[in-house]
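Two chains, two frames, a set of hints: combine them into the complex.
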Amino acid sequence: MANGDRTVLQFSTQSTANFSAEVHPLVIFNICDCYVRRPDQAERVIGTLLGSVLSDGTVDIRNSYAVPHTESADQVALDIEYHHNLLVSHQKVNPKEVIVGWYSTGLGVTGRSALIHDFYSREVPNPVHLTVDTGFRNGEGTIKAYVSVNLALGDRQLASQFQEIPLNLRMVEAELLGFDILKTTSVDKLPTDLEGMEVTMQRLLALIDDIYKYVDDVVEGRVAADNSIGRFISDTVAALPKLSPPAFDKLVNDSLQDQLLLLYLSSITRTQLALAEKLNTAAQIL
Amino acid sequence: MAASSTARSFLQVAATEEVVSPLRFVQIEGLVILKIIKHCKEFSPALVTGQLLGLDVGSVLEVTNCFPFPIREEDEEIEADGANYQLEMMRCLREVNVDNNTVGWYQSTILGSYQTVELIETFMNYQENIRRCVCIIYDPSRSNQGVLALKALKLSDSFMELYRTNNFTGEKLREKNLSWVDIFEEIPIKVSNSALISAFMTELESNTPVTQCDYDRLQFSSNPYMERNMEFLIECMDDLSMEQQKAFPILLQELVTSTSPATGMVSEKKVVYLISMLLDSLFSLKDHLGPSKSENMARKAAGEEPLPEEDPTNPIFKPIPEPSRLESFLITNQIANYCNQINGYIVYSRSYPFFWIA
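From first to last, the protein sequence lines are chains A and B. According to my numbering, the first sequence holds residues 1 to 286 in order. According to my numbering, the second sequence holds residues 1 to 358 in order.
One or more of the hints may lead you astray.
Below are the DSS-like pairs computed for lysine-lysine, each with C-alpha atoms no more than 25 Å apart in a straight line [stated by the list, open to error]:
id	chain 1	residue 1	chain 2	residue 2
1	A	K92	B	K154
2	A	K96	B	K41
3	B	K41	A	K92
4	B	K38	A	K96
5	B	K38	A	K144
6	B	K190	B	K151
Bear in mind the hints are in silico, worked out from the structure with no lab data behind them.
Chain B extracted, bound-state conformation (with noise of 0.2 Å):
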């Protein structure tokens, strides 16, 4: 009887489909790390990215091995060798018994500017082939300042069904209450090492209290720094607001369509649009307002958020940059602020021992 049972468990267990386990944090191995530091320090400035080798077992990922790819050269023959390439490595390193499967890819980033629509393909391109990818992103320009920025990340289930419906406009985002926020998931990593690696390397420890790295993070000079974050900042301003006055046809014809059928609520549309006057510069709102007026009646007559023939992209640029820009708009946004605090820190701190001396 329990024989039969348990041998009927087994065939259901076997039956039903496995349930995915959602990714909890992300193992990686001190030696990927090393890897990964190295490859991007030595090509920093430029951007390099670089494959990542590992096993996928139940909600963790661990990543135990991985090679850099070369930069690539905009040249058609090349996407051949580099696929010769990446396939050439992965055979050696099957024998000598590293894990061959690909779990991911690894890039550098310059002050947390990683967000765009490349990164976002990229990770479609993977997730068709490998049921659970993730994207290691590692900032060598925070190392100068005695940080280890290194994050995982991994798109979020409900971004990407809404990226391959490919269908971004307004009305869908707010169904799925999707905002800007949802698209990456950060993963938490963990590291771990053999017990024989960990022993030479408290071996190999150098004697001193004080290493470099303390030097560095005690550095005051923090200007240049905090100077490149603004500049990028700035940057991304334009860029949303350019995007915004693209979007803002669409708005306005909408503020103009819906006035019509509630009259009560004219005078609320009345402050959309005062509000939105102050966001954006008030010349480039004028210019908008004269090809709208036209486009209006071609979308009134083919309903609320048609896509015109005359003017496909502009829908469809409204939301597909917009929601990768503002990203990175906050992105840009938290490192300024993190650099903040720990500037705040470091000259809280710093002063103290200056008054015990002095």
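The shape of chain A in the complex, shown without the other chains (with noise of 0.2 Å):
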């Protein structure tokens, strides 16, 4: 936009170079949640953030929930009193948890999201807006975060441009633990501690095949020798303790005996309960 004064168009990438932001998978199952559910005539959902800025700048994006809304073609209008009423409800719970900013459904990022981020930036100094793509379009879920900038020409304000910061799925490990059975559409029951265990020892062995496979074909001269790669392997294998094997038989054969111990104690309280029991409600019989 060609100006007689000599401003210049400020792109300022400075304030978001350190801005980051963290998204628990909690998050984006309420979105999708809330999106499946929307009402008809909706196509696509607008909800609030909740979560917290940690000390190195990064959001945390914790819990969210979703804003009914009307759209038309050139106006957004968004349920006020219900986000400050859930606001309100929410911050009874876990009262550390503020408005972080807002998400989205949908690709891309249009006139009326920034009327809304507008609205956001009232509550919170810089919202992070997330949009999630439930449509696919690209082939992939894409799940973006944008902050706003402000483009200044001088003293006059522009227009505010959406830039993308880095996002990572954060998970914290009870998660983990669950996230097979978040993959599928169902599961039929959950996997006891014996199968869990079973599917770590298989990925283990896993590994350690691959490192075995590996270390046969450099020494074959299948492929070529990475020299990092084998000082970490070098490194791994020196970590073990250097016990010698009876040593090491006795440290696993004494920890086995304490458990054994603990078993057999339990056992011998199981039995007492069973004893404690026919006295109590059998002494009438005899």
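Listed below in structure tokens is the structure:
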């Protein structure tokens, strides 16, 4: 846009340099669930993101809820009262979660999004806008996060540009546990601990197999040796404690004996229970 | 002819009462599981609760959403606040088309010690309003071991009837053939997810072959966990022996009163008496011998298992906490057992790779 006075269009990228966002899978689940349940005439779902801002500037998105809205060609109406009510309710449970942004389903960022973003920026200094593409338009489900940057021409505000910031999916270990059951559409029963152990052992054995094959290949000259990998492998093997086999046996057997002792104790208490019950309820028969 | 017969059968169907099919399993959505995990984990070690929402369909109870309850202070006015919060949440969720029916509640627990009288009371409260409700118990402390400890519980019908009549004497328990294992019924859980979610999750899955939970599972240090388990076990043992001591005056009284008619059975009773002495300490029993003699007279006069006014709490105290305590004991016991199994398994299988590489 040519101007008489030479002002420069500033794309200030510094402020967004260290900005990144981490999202918990719960948020994705929530968004998808709301999308599936949306009223028939709405084509997309809009909602608020809750979370916290960590000390190094990353935004941790932990929870979300949908806000009913109506959209027409050029205007958007958001149910603000609902938004506030739910915010208050959520904060009763978890006062540390504050608004960090908002989300919408659908791929791109439209002009109407800017309006909504404006509204949210009145509540939070720098809201994060998350888009979740439920239509899988690119052949995959893209989830992107944006922050708005103001484009200023001298003193005049021209527009706000949505700049993408890096987004990570962050999972707590308990969620990782359940990940397999979260993937499929239905699971018949929850995996027991032994089954989980089995899966882990299989994975471990597969890894060891891979390493074995790699080392064999390198030794036979089929694959070029990569020194860093070789050093890594030797470090790993050296990390095993250097115990002579008898000492190792003793260690294992000792801990095994401790556990057998505990097993024995718990069996005794179970027998005790059965006996106590018989005494207490069967006393009258005798 | 056919039309009228179908019409009649329709009327018949409408007239007959709906047969309640037994609850066979609980179908939970992945969303609910994630929410429960998140909530319980954030507040651990404090115990938290929340409400489950869903649909009751035939023999399946579907749980499609949930919301957490704020931690309740010990304050009178907060009660009304709590109810308001609940109404507000349900109203808001209704507006976004979430199923609005309460089907139960969830709570977190530590090492499986959730079997308390409050749980039973909450169950009874819910049961009055809802025909079918479940309680989901989640144990966040076990997730450090790589196990998803999620359980769905329901009170068994026979126990509920017994509780309603508030009649826990040994006689009634024997009549119904009810032992402590019959109090709670565990219902199998199935997980379902919408196709959209599973598509997203498959996509977002990280590519590493090994995840953090594998590292957790292969951990050797289970000692602190076992120690805590044993502590719980010991506490429960103490509680149980206290309960039994309270019950002993009654036992003794029964022994004494029932020896008179059938002399042939005296020796058996002496054996029982001896066993009971072995199980509890001699000293506390001696203390009980004194007052029970006078109680004997009163009870003899009033009948077999009456409730004397001067000691109304004694017979009541015996049965009500007792089954619950036994259960909590049992469960902690079971956990110790499971834990042992896991550990045994770990030890056995862990030694193999070591031998391989070495």
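Against the structure, the hints:
Distance check on the hinted pair: K92(A) and K154(B) sit about 29 Å apart at the alpha-carbon level, beyond 25 Å; violated. A distance of roughly 15 Å separates the Cα atoms of K96(A) and K41(B); the hinted pair therefore holds under the 25 Å criterion. The straight-line distance between the Cα atoms of K41(B) and K92(A) is roughly 17 Å, inside the 25 Å bound, and the hint therefore holds. Between K38(B) and K96(A) the alpha-carbon distance is near 14 Å, which keeps this suggested pair within the 25 Å criterion.
Proximity of K38(B) to K144(A) is assessed by CA-CA distance (about 23 Å); at most 25 Å being required, the pair is judged to hold. Our distance criterion of 25 Å between C-alpha atoms is met by K190(B) and K151(B), whose separation comes to about 11 Å.
Of the numbered hints stated above, the single one contradicted by the structure is hint 1.
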